[in-house]
Amino acid sequence: DILMTQSPSSLSASVGDRVTITCRASHSVSSWVAWYQQKPGKAPNLLIFQASSLQSGVPSRFSGSGSGTDFTLTISYLQPDDFATYYCQQYSYFPSTFGQGTKLEI
Amino acid sequence: EVHLVESGGGLEQPGRSLRLSCTGSEFTFGDFALSWLRQAPGKGLEYVGLIRGKGFDKTPDYAASVMGRFIISRDDSKDVAYLQMNSLRSDDTAIYFCARGRRGLLAYYFDLWGQGTLVTVSS
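Chain order of the listed sequences is A and B. If you count the first sequence from 1, position 59 lands on 56 in our numbering, and the numbers rise without skipping. If you count the second sequence from 1, position 1 lands on 19 in our numbering, and the numbers rise without skipping.
One chain only, chain A, in its complex shape (with noise of 0.2 Å):
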């Protein structure tokens, strides 16, 4: 299976801050990496798919970008509702597989 890891496993930032979280491919998965958020108790949410493209409804402060092995979500000017877990996933192979998450916190 494709391994993804994600760092920083955890990350402290404020209100306004441009914070950027890092997925890294045990193999190269071209651009078919996609990233979720979760906030606790709900079920994740698609942000952004094919490593760059916004999905509908998402703010454009979220931003994807990498290609290969190496992938980052950028949030641009972090707002309250921003605090939550990120997960990317590989859906290159099968089986799909995600990262260990980003807890943000404040």
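With a straight-line cut-off of 35 Å between C-alpha atoms, the simulated DSBU-like cross-links for lysine-lysine are:
id	chain 1	residue 1	chain 2	residue 2
1	A	100	B	61
2	A	39	B	61
3	A	39	B	76
4	B	96	B	76
5	A	36	B	61
6	A	36	B	96
7	B	96	A	39
8	A	36	B	76
9	B	61	B	72
10	B	96	B	61
11	A	39	B	72
12	B	76	B	61
13	A	100	A	39
14	A	36	A	100
15	B	96	B	72
16	B	72	A	36
Since the hints were made in silico from the structure, they are not lab data. All figures in this text were calculated on a predicted structure; none of them were measured in a lab.
With chain A fixed as given, assemble chain B onto it according to the hints.
This is chain B only, laid out in the frame that chain A set:
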């Protein structure tokens, strides 16, 4: 509003069976792949399996951890997908989510999720 709703979770003993349901609303259910994913308490997301839509012959696939124990099926006339879980083990304890799949190269990403249903396997 487009959504998915899971049901059927609960407490079950090791070795027993449980069936989860996932009902879709306000979209053409049969056109889409439906996946099951799970999240053990305090842990990350794990893919369980998926059943493809009618355009891909409704074929299922499964993660190795559940292969031979879990079965995914669907009834598009009712807009429902099912996860039949047999030979339950304590490490199957998790919140189970169903999600609508969008095809990538060989696998899928998930653009619509249900709220999840908790399955606890314990004697």
